[in-house]
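Enquirer: First to last, the sequence lines map onto chains A and B. The first sequence begins at 3 in the working numbering and counts up by one. The second sequence begins at 1424 in the working numbering and counts up by one.
Calculated from the structure, these hints are not laboratory results. It should be emphasised that the depicted structure is a prediction, and the values quoted were computed from it without experimental measurement. Heads up, a few of these hints could be off.
Quick list of simulated restraints, FRET-style, between CB atoms [claimed, not checked]:
id, chain 1, residue 1, chain 2, residue 2, range
1, B, Ala1491, A, Asn274, 40 to 46 Å
2, A, Met300, B, Val1742, 15 to 21 Å
3, A, Glu195, B, Ala1498, 29 to 35 Å
4, A, Glu195, B, Pro1594, 34 to 40 Å
5, B, Ala1595, A, Thr124, 22 to 28 Å
6, A, Gly108, B, Ser1495, 44 to 50 Å
7, B, Ala1545, A, Ala62, 48 to 54 Å
8, B, Val1742, A, Val302, 18 to 24 Å
9, B, Thr1546, A, Ser157, 35 to 41 Å
10, A, Thr79, B, Ala1545, 34 to 40 Å
11, B, Ala1545, A, Thr299, 39 to 45 Å
12, B, Ser1718, A, Met300, 34 to 40 Å
Quick look at which bits of chain A chain B covers, simulated, 3 or more residues with Cβ under 8 Å [claimed, not checked]:
id, segment
13, 72-79
14, 118-128
15, 165-175
16, 220-226
17, 244-250
18, 263-275
19, 289-299
All residues carry an ideal CB built from backbone N, CA and C; glycine is no exception.
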Amino acid sequence: MRAFLPRASWIPAVALTLCAALPAGAQATRTWVSGVGDDANPCSRTAPCKTFAGSISKTAAGGEINVLDPGGFGGVTITKSISIISDGFEAGVLVSGTNGIIVNAGTGDVYLRGLDLEGLGTGLNGIFFVSGGSLTVEKCTIQNFSQRGIDFPPSAKAKLTVIDTTIRGQNNATNGGAIWVHPSGGLASVVLERVRMDRNLFGLRVEETVRAVANDSIAVNSIAEGFGAIGTAAGPTLFLTRTVSSFNATGLRSEGLATARTTDSVFSGNTNGLVTASGGTLISYGTNENDGSGAPTMTVARQ
Amino acid sequence: MRYSRGYSRAFSKKEIVMNLRSFRPLLALAAFLLVPSLAFGQATRTWVSGVGDDANPCSRTAPCKTFAGAISKTAAKGEINVLDPGGFGGVTITKSISIVSDHIEAGVLVSGTNAIIVNAGATDTVVLRGLDIEGLGTGLNGVRFIAGGALHVERCSVKGFTQRGIDFEPPAAGQLYVLDSVFIENAAGAIFVKPSGTGSANGTIDHVQMERNLFGLHVEGLVNMSISNSYAAANSTQGFEALNTGGSAGLMVSGSSSVSNGMGGVRADGLNTVLRVTDSTLFANGTAGMVTANSGQIISSGDVRNVGNGALSSPTSTVPPQ
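Isolated chain B, as found in the complex (with noise of 0.2 Å):
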């Protein structure tokens, strides 16, 4: 009895052994089946890494190399993730996607070309975040917006562009919003909006700091931004500028520096063009704080430091806060 039982049980356990081993080749073929399925399916989260290849699908287990390669097999509105640090290069974006890195970073790195286009859908949003965008004296612009519905920068340096670190020009209702990034040395400006055609734009910009560029700050256009917390310092020319707003109120400044650029502090030009500033600092700039031309307006709420300017100068109207 005890005999017959262990001989049974030893059987019927090299009979699984069996069974398993005439399932292999089942096994590969179903994993084989699987892996394309994983290749050409776009994940609604993808990964890349510094030591990553574009063939793969962009997994976390099997990252890709580039945003490029990466943002091809990624679903509209998914998420591109970072996964360790590395260098992963310029890409357009043409649909809604978020391009994440939480403290590693992320290089985009470019010579000649422009880093990032976004060329997206009416209603798409892009978001950018924790990127570290480098034009090394020859990249035309850090990030170029040419279409799409909104797009968020943070937490980015954009850094020597011979163009615009910020280049938004939406064809259509376009917003930005940029938070918590650095843009210095570019040769063309840091933050330039100005609509294209029939477009028009609003934002906010807040705790972005702007150094050594053409300019801070330059709207342009149907465009409604409030900029605050923020500071533009040592530009060639102005540190926040509106230019022929068609709008009520085309940039709010508040709680912002404009120091030692090489002209104006704040600059409004043009008739309709209204730039309000609350609570801030405008000093040492070479023209003047505060500089107005062709009936464009500045209005303060009487709590602006202007000093130390190249020439003395008055806000067009104040306006008490309330």
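The following block holds chain A by itself, in its conformation from the complex (with noise of 0.2 Å):
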């Protein structure tokens, strides 16, 4: 008896021990970082994470993470359906020499909300997305990637959309370029609300199964084309609408099989205002302001 006793009272550290490892074990449907959090926690409001990374597998598919308070949380792997969202305060993803977020997530969609990505001239891509049902980016700021703001070359149907989104400084001349939409199959479904995109080696650059539309957006300062689209093997749809591209290469461009068309906006200070190369399409309503070169190729009256 006496030996036994305290092989008992190893019984309740075995059950902290089983009772521990369930919180972290379960997923949750909403879980917290914090930028004094620890990624032992189980992610709770009451004991936060420290990381993205950290609190992405104590999240269910569909979940989300949110920010509790300004941190920096560091580039993640999303591989299903999740959120990471922060209002209101500062939310870091800073890394050098990788990709900030990778999206492999199958057919899953994932929102993200909030975020400062930041690459410090030596990260890869700001956003990699590899495989997934949707990406949507809102209210981020993207700079300083040796690639690409945002890389999207989907496999099979994708749809992006960024919104309310500030991409700056991937101005790398040969693998820069703030968004790029090239996929390998299915159809890419893009649309730009209110993103802004400053010094990279082009703002919006579309290619083959594309469908896009960018609307109050803006790009300037690109070494290459503030928007365009290019098709080889097919014919990619750009839509400006109200958007100001200035002191690019290139205002627009349309290459190709593409089609562009542009309406209510403005093309200045450019080397080339608009254009077109290997028959390209431009289409644009009458409505455009143009003080540089180029003219679309037909103008359509508005309805």
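Work from the hints to combine the two standalone chains into their complex.
Expert: As structure tokens, then:
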């Protein structure tokens, strides 16, 4: 009996261990990160985690990671439907030499809001989309990556929506660019709403099977084009409404099988205003201001 | 058998405790070595707090008190973040840096001096986001840029300076971006762009409000700017003005309003000065909606609402939109 007592004292310890393991192993639909959190925590409101990567394994598919207070929460690879949301707090993803956020979510839907992605000039892509049903980027800042702000090369049908976001400083002359949509298969549907892109290799470039619209957005000081559509095997479409494209090598470019349309937009201070190449189509509604070279291939009256 | 197992377990526990105790001085030494390395190294992300201390390493758990104190502890290209509301003081920036506050009061309140000076390298980029820059009617300039590659001012308010809200005077090629910001009561103008020496400037202003300054936007010299979705209201002189620009298109005004300014809604002054205006409103300005001087040109796209100003005016030429 005396010998048994010390052993019995293990039982609460074992029970505690099991209890601690349960919340960690189970996945919550809402998890929390904090600048002073700890990834050993269950990522609950009262015991938040420290990083997005640490909290994502504790977040159920379709769930949400929220930011409790300001912090740098590091890069993350997303492999399921998830929302990462910061409302009003600095939510930093600062990386050097790697991608900021990789989305490899199968057919899952990924929503990123309020993140501040910083590549320090050496990070690869701000957001690299390998797979997923949709990616929505809202109220984010993406800057100083050596490749693209958002690289979107899906191999199946996928949607990209970028809203109220600033993407700047992806100005590597070979690999840079703000938003590059170039599916290898399936149709990519793209919407830009109030996106500001400056000092990138290009602003928005869409290639092949893409349907893209950009509203109230700005592309300035791009090494190549502010907005461009290129089709060699398929015909992408790009529709600009109330956009400003200034001080780029090219304001708007339509190449090959591509069709670009523009209305109520301004092309100012570009080396070349409107450019078509290899048979590209560029349709205007007669409502654009272009102080540079080039003209639409056709003008269509508004209905 | 049972007894000896129990004894050996108890002994080993005690042994572990003793070993831990013997390590304590080593742990203390390690901690001592770690703290100075954090203090003197530069971090890519640093933090300021309203209750911080500049003697801290500016880490998330030991934040600094001022931007000036944090900047020396921040690596070039890094970020200074704001942990909680506070007044963080003026700062001189000499390298690529982002100072970022998201929806947390980040005050830069000065009297008698410049609030933020950018004097950085030719390829350096400076980002100021979410700052509340206040001059109390005695501060010199809100943001004074005298050297650097690019300056981004986003979601800032700049108020009450005796000189300019932004004084952008690059000595080489400089780029200025002002987004979602407000300029109020700056006695020598809201945004002033005039390269020094052989410098040049271009850039974009979008969704910016300029009220009750000497002028809204003034560009001068070798400058190519675009302003969109913005308004200049109740400024003493001009809403938007281009003076003696060397480029073919000094200033493009689109989707903007210039109303109730003391003199011109838009004004182009000087040979080779071209101010283009499209889809904009010029209303209730004292002198006229469109003012030209010294062969300056105003080119309209024919869709400008130019009404109710001190005198009738018209553009130098009209080029229909494409």
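Enquirer: If a hint holds in the structure, say so; if it doesn't, say that too.
Expert: Each hint, compared with the structure:
As the Cβ distance of Ala1491 of chain B to Asn274 of chain A is approximately 44 Å, the hint placing it in 40 to 46 Å holds. Range check, Met300 of chain A to Val1742 of chain B: about 19 Å between beta-carbon atoms, so the 15 to 21 Å window is met. For the pair Glu195 of chain A and Ala1498 of chain B, the beta carbons lie near 34 Å from each other, so the given range of 29 to 35 Å is met. Taken as a hint, the range 34 to 40 Å holds for the pair Glu195 of chain A and Pro1594 of chain B, whose Cβ atoms sit roughly 38 Å apart.
Taking the beta carbon of each, Ala1595 of chain B and Thr124 of chain A are about 25 Å apart, inside 22 to 28 Å as hinted. At about 46 Å, the CB distance of Gly108 of chain A to Ser1495 of chain B agrees with the hint of 44 to 50 Å. Taken as a hint, the range 48 to 54 Å holds for the pair Ala1545 of chain B and Ala62 of chain A, whose Cβ atoms sit roughly 50 Å apart. Between Val1742 of chain B and Val302 of chain A the C-beta distance comes to about 20 Å, which sits within the given range of 18 to 24 Å.
Separation of Thr1546 of chain B from Ser157 of chain A is about 37 Å and conforms to the stated range, judged on CB atoms against 35 to 41 Å. Between Thr79 of chain A and Ala1545 of chain B the beta carbons are some 37 Å apart, a value that agrees with the proposed interval 34 to 40 Å. A beta carbon spacing of about 40 Å between Ala1545 of chain B and Thr299 of chain A agrees with the range 39 to 45 Å that was offered as a hint. Between Ser1718 of chain B and Met300 of chain A the C-beta distance comes to about 37 Å, which sits within the given range of 34 to 40 Å.
Counting residues of the segment 72-79 of chain A whose CB lies closer than 8 Å to any CB of chain B gives 3, so the stated coverage by that chain holds, three being the minimum. Coverage of the segment 118-128 of chain A by chain B holds [criterion: at least 3 residues with CB-CB distance below 8 Å; count 4]. Interface restraint, the segment 165-175 of chain A with chain B: holds (3 residues with C-beta to C-beta distance below 8 Å; minimum three). Note: the segment 220-226 of chain A has 3 residues with beta-carbon separation from chain B under 8 Å; the three-residue rule is met and the coverage holds.
With 4 residues having a beta carbon nearer than 8 Å to a beta carbon of chain B, the segment 244-250 of chain A meets the requirement of three or more and the stated coverage holds. Using a Cβ-Cβ cut-off of 8 Å, 4 residues of the segment 263-275 of chain A lie near chain B, which meets the minimum of three, so the contact claim holds. With a threshold of 8 Å between beta carbons, the proposed coverage of the segment 289-299 of chain A by chain B holds, since 7 of its residues qualify and at least three are required.
Checked against the numbered hints above, the structure violates none of them.
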